[in-house]
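Please build the complex by placing chain A on the supplied structure of chain G, with the hints as guidance.
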Amino acid sequence: MKVLKLVSKNTTRHLLRTLLTILGLAIAVMAFAIIRTSVDAWYAGAEASSPNRLVVTNNISLVFTLPLAYREKIAKVDGVTGLSWAHWFGGTYVDPKNFFAQFAVDHNTYLDLYPEYLIPPQQLATFLSERNAVIVGRQLADRFGWSLGDPITLTGTIYPGQWEFVIRGIYTGAEETTDESQWFMRFDYLDERMRAEMPPRAGQVGSFIVQIADPSRAAQMSATIDSLFVNSLAETKTQTEESFQLSFVAMASSIVTGLRIVSIMVIGIILLVLANTMAMTARERVSEYALMKTLGFRPIHILGLIFGESLFIAGVGGVLGIGLAFPVKWLLETNVGGFFPVFTIEAITLMLGIVASLAVGLVAAVFPALKAVKTPIVDGLRIIE
Amino acid sequence: MSRPFVQLQNVNKSYWRDSLEIPVLNDVNLDLPEGEFVALMGPSGSGKTTLLNLIAGIDRPSSGNVIVRGQNVSRLSEGDLARWRSDNIGFVFQFYNLMPVLTAYENVELPLLLTKLSRSERRRQVETALSIVGLADRMKHYPNQLSGGQEQRVAIARAVVTDPVLILADEPTGDLDKVSAQEVMDLLSRLNHEFNKTIIMVTHDPRAAEKAHTQRHLDKGVLNSHESPQAG
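Protein chains in written order, with the numbering used here: chain G, 1 to 385; chain A, 1 to 232.
No lab work stands behind these hints, which were simulated from the structure alone.
Because the structure is a prediction, the values reported are computed rather than measured.
Glycine residues also receive a C-beta, built at the ideal position from the N, C-alpha and C atoms.
It is possible that part of the hints are untrue.
Subject to a maximum C-alpha distance of 25 Å in a straight line, what follows is the list of computed BS3-like cross-link-like pairs (lysine-lysine) [to be verified]:
hint : chain 1 : residue 1 : chain 2 : residue 2
1    : G       : K329      : G       : K5
2    : A       : K140      : G       : K5
3    : G       : K329      : G       : K97
4    : G       : K9        : A       : K116
5    : G       : K9        : A       : K140
6    : G       : K371      : G       : K5
7    : A       : K140      : A       : K116
8    : G       : K9        : G       : K371
9    : A       : K116      : G       : K5
10   : G       : K374      : G       : K9
Which chain G residues stay away from chain A? Per the calculated CB distances, all over 12 Å, these [claimed, not checked]:
hint : residue
11   : T109
12   : G296
13   : E333
Extracted from the complex, chain G is given alone in its bound form (with noise of 0.2 Å):
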């Protein structure tokens, strides 16, 4: 208590630069916080998957696509208990910059593999029963203002042409990792109009969702999937959802690397401008802390000292930084929402953030702390400020 009266005490003797360095350690650490929130949004997909769903993807490259007739022969392998497909539509709305996920998908069995997404009976019906009806995920729905009834025109850019759509199901999502920013369209109304436009195009599907009953067989299935249709014009690729998840995580794999390499740089940021100052301040003192040595008082008050006030220096900039963190994101959230669906602080994060203050706060202090410490009182009297 009584070395806690001077901590505060010392802490606000030079209060502005106190300040400054709160501000610097607030925000490291949000800076921390968004770029660990960053890399964790690049991996919601595949925390999101399931273990029971397979996805069926052209060998050569997930823009190839695979015959919609390859799902008799897959339907008939042991153990699937579910298939579906998916098509990815790629149209822009109103501006070009308005890109979201759009999926083409066959409307009487893509939800029933998919229980994350909640959709209201009647929507759903309505969905079942309209050819251009589309269901959209809540934060998609709030990122234009759509309601229910909403008619929406997109610009193909796959398939070229306006295209008209009616709003007529909002899915929230059963976890906090399910992504909201989708478009489910009904693959029946993109092939159709294929059909009259272009036939070649017609019939072709990205990828088969394959629902498995027991995950332990996933390679097996996967394998003898791939066995079916070896040496055919368009050969195919199997793996779990997660894998499927992993393999665009790969694909920037050097961006990810180099947000965790930042976010190891923002730590060793927040450690010199700490370390700078409790130095700066350990060296102002030296009289002092001789003064308090001829009083009486031992190196463990003194340690006291120097650490309380580091500690405390980086634990309000620590909990300053994870409040900042908040609007950050939401500011971001809210304009490359529909390039990150699902960015969540999550509490591990906001518990490092804090405990690397912390870390920070001692270490920068370790070396003051002994300085001061093992300086002789004789030396320290000396030193008049």
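This is chain A only, laid out in the frame that chain G set:
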């Protein structure tokens, strides 16, 4: 004959600069009775402050013994020495050495934070100490709101607040004007006469030294064997 209150036996002190030994005190012997007020005088670099530091237990002799009230200070561990200093020594510095972030009251209270006294007991002692030095009305002032003389009186209050047996003053008037120096010396004299504090004071100032009972002279690390008694 009673045991001396402060006793230095064959004390030598050298500092090392790289491999060069710099002798500061040379075979110093000193016996002081309780209640003594002695002025240590001598030219700059003669070893006065070093001698004071050895008696205060904030430095250690290269050889010899420093004995205060029968306790061989030179043989105490650092931890024991810190406790011994807080129990026995009051220190007054030339440049006051007050903590700038603490008020006069808090500066005087500082040594009491190491004791088990309650808050009210500490308050009583601090107020008494500040009354003795005539600064009871300046308790809430910070050092930069006080004159040099007042700062030194706060430092003296801090030195006596724990009721130490020995007060060591290192050029207590060295940074003060004539009037303030006189006030400080009157205060030290009063502490010696009224409160029977043993005081060892380093000074260059002959007028300050006149307040002491005796003067001892150091020259090139050698303590003059003859005392210069004062009228008192």
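Hint consistency between A:K116 and G:K5 [alpha-carbon to alpha-carbon, up to 25 Å]: holds (17 Å)
Non-interface label on G:G296, tested against every C-beta of chain A at 12 Å: violated (3 Å)
Taken at face value, is the distance from the CA of G:K9 to the CA of G:K374 at most 25 Å? holds (23 Å)
Do the alpha carbons of A:K140 and G:K5 lie within 25 Å of each other, as the hint requires? holds (16 Å)
Given the hinted pair G:K371 and G:K5, is their Cα-Cα distance within 25 Å? holds (22 Å)
If I take the minimum Cβ distance from G:T109 to any residue of chain A, is it greater than 12 Å? holds (73 Å)
Holds or violated: is the Cβ of G:E333 farther than 12 Å from all Cβ atoms of chain A? holds (44 Å)
So if I understand the rule, the pair passes when the alpha-carbon distance is 25 Å or less; does G:K9 with A:K116 pass? This hinted pair holds, its Cα atoms lying about 22 Å apart.
Proposed proximity, A:K140 with G:K9 (alpha carbon, max 25 Å): holds (15 Å)
Has the given pair, G:K329 with G:K97, been kept, meaning a C-alpha gap of at most 25 Å? Distance ~21 Å between G:K329 and G:K97 Cα, so the pair holds.
Within a Cα-Cα threshold of 25 Å, do G:K9 and G:K371 meet the stated pairing? holds (21 Å)
Pair hint G:K329 and G:K5, alpha-carbon separation not exceeding 25 Å: violated (37 Å)
In terms of the numbered hints stated before, the structure departs from hints 1, 12, listed from lowest to highest.
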